[in-house]
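S.K.: My request is simple: use the sequences and hints to build the entire structure.
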Amino acid sequence: MGSGGEPFWTIANEIHRVWLVKKDLNEGNDLGKEMDAKILVALLAIVFLKFFWVVPMWTEGDLKNKISGHFWTRGSADKNRVLVDQLKQYGVIKTKKVAEVMETIDRGLFVPDGNSDYIDSPMPIGYNATISAPHMHGTCLELLKEHLQPGMHALDVGSGSGYLTACFAMMVGLQGRAVGVEHIPELVASSIENVKRSAASSLLNGGSLSLHVADGRQGWPEQAPYDAIHVGAAAAKIPQPLLDQLKPGGRMVIPVGSFFQDLQVVDKKLDGSISIRSETSVRYVPLTSRAAQLQGF
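Oh and the sequence shown: position 209 is 209 in my numbering, straight run, nothing missing.
Treat the hints as calculated values from the structure; they're not laboratory data.
Some hints here could point you the wrong way.
Claimed, not checked - Think about it this way: if two alpha-carbon atoms lie no more than 27 Å apart in a straight line, the pair counts; the simulated DSS-like pairs of lysine-lysine are: (1) 97 / 268; (2) 94 / 268; (3) 145 / 268; (4) 94 / 247; (5) 94 / 145; (6) 237 / 247; (7) 96 / 196; (8) 237 / 96; (9) 88 / 247; (10) 247 / 96; (11) 145 / 196; (12) 196 / 268; (13) 88 / 237; (14) 269 / 97; (15) 247 / 268; (16) 237 / 268; (17) 237 / 269; (18) 145 / 269; (19) 94 / 269; (20) 247 / 269; (21) 88 / 145; (22) 145 / 97; (23) 97 / 196; (24) 237 / 97.
In this text the structure is predicted, and so the values were computed from the model without any measurement.
M.R.: Below is the structure:
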């Protein structure tokens, strides 16, 4: 459901800073010129955001080069393994734990036929929803890994294809709970079929993995509190029900903003207080109502 990177925002802020310094030194404090500067910076930011949204870290051609000759004709497991290797090479995946779960849960089983399963880009899955780019999955799993220990509870809001919910389930195991909520019934039905084809199928059958039709903004109170919450769509502000369902000592990863968004890391301390930091700049589809999503937001 999302993609993006930090550099565009850093560059845009620096351009804005230099512009304002030049204005103050040479042209005085003119409000109209300051607004011109901000408009320019906004346009530059849009260009950079568009670049990081559209251009993946690598293409399917890059993967073909990594898997020479007849290897490319093999099954999806080979391609998925190379995808994970690329994420490690680019520094997205930093730990063995995340690498293992992304190798185990084959992305190709969660992307509709006709799409390029293994390039680093979000892919449409129908109903104005997407499966996030692999580098965003890797980023979120790294941010949440300490809160996805065996026996813990995890919530995936806007579970879409079911991919990340399946990864969560593999990490928390049979004694834990991984819950996905998605407000499009057809996506929930297809995500269940995706999981059944994956290495997480036994967890679905065993009840430690479940996928539900629900308004993700309200979370899923039945299995709360959660050690880990992932939100796969951008909220204007962090929904209070999700904060309420986050366990003391737990962590939520959520994109926040309208057009320009930050991937925020929300930690609830043991005393119930909240700390928030921004991890990177991203671009996700909005966290909205079912009707608004079906109408194209």
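S.K.: Confirm or reject each hint.
M.R.: Results for each hint:
Proximity of residue 97 to residue 268 is assessed by CA-CA distance (about 23 Å); at most 27 Å being required, the pair is judged to hold. Of the supplied pair hints, the one linking residue 94 and residue 268 holds, its CA atoms being roughly 24 Å apart against a limit of 27 Å. For the suggested pair residue 145 and residue 268, the alpha carbons sit about 16 Å apart, so the restraint of at most 27 Å is met. A C-alpha spacing of about 25 Å is found between residue 94 and residue 247, which places the hinted pair at or below 27 Å, so the restraint holds.
Taking the CA atoms of residue 94 and residue 145, the gap is near 11 Å; set against the 27 Å cutoff, the hint holds. Restraint check: the Cα-Cα separation between residue 237 and residue 247 comes to about 19 Å, which is no more than 27 Å; the hinted pair holds. At roughly 25 Å between alpha-carbon atoms, residue 96 and residue 196 fall within 27 Å of each other, so this suggested pair holds. Taking the CA atoms of residue 237 and residue 96, the gap is about 33 Å. The hint is violated against a cut of 27 Å.
Taken as a hint, the residue 88 and residue 247 pair is broken in the structure, with Cα atoms around 30 Å apart against an allowance of 27 Å. At roughly 26 Å between alpha-carbon atoms, residue 247 and residue 96 fall within 27 Å of each other, so this suggested pair holds. A threshold of 27 Å between alpha carbons decides the hint, and for residue 145 with residue 196 the separation of about 24 Å falls inside it, so the pair holds. Straight-line distance between C-alpha atoms of residue 196 and residue 268 comes to about 33 Å, which puts the hinted pair past the 27 Å bound.
Taking the CA atoms of residue 88 and residue 237, the gap is about 32 Å. The hint is violated against a cut of 27 Å. As the CA atoms of residue 269 and residue 97 are separated by approximately 24 Å, the hinted pair is consistent with the 27 Å bound. Restraint check for residue 247 and residue 268: the C-alpha separation of about 7 Å stays at or below 27 Å, so the hint holds. For the hint linking residue 237 to residue 268, the alpha-carbon distance of about 16 Å falls within 27 Å, and the restraint holds.
Between the alpha carbons of residue 237 and residue 269 the distance comes to roughly 20 Å, so the proposed pair stays at or under 27 Å and holds. The hinted pair formed by residue 145 and residue 269 meets the criterion: a straight-line CA distance of about 17 Å does not exceed 27 Å. Between residue 94 and residue 269 the alpha-carbon distance is near 25 Å, which keeps this suggested pair within the 27 Å criterion. For the suggested pair residue 247 and residue 269, the alpha carbons sit about 9 Å apart, so the restraint of at most 27 Å is met.
Proposed proximity of residue 88 and residue 145 is supported: the alpha carbons are some 16 Å apart, at most 27 Å. With a C-alpha separation of about 8 Å, the suggested pair residue 145 and residue 97 falls inside the 27 Å cut-off, and the hint holds. For the hint linking residue 97 to residue 196, the alpha-carbon distance of about 22 Å falls within 27 Å, and the restraint holds. Our distance criterion of 27 Å between C-alpha atoms is broken by residue 237 and residue 97, whose separation comes to about 31 Å.
Comparing the model with each earlier hint shows violations of hints 8, 9, 12, 13, 24; every other hint is respected.
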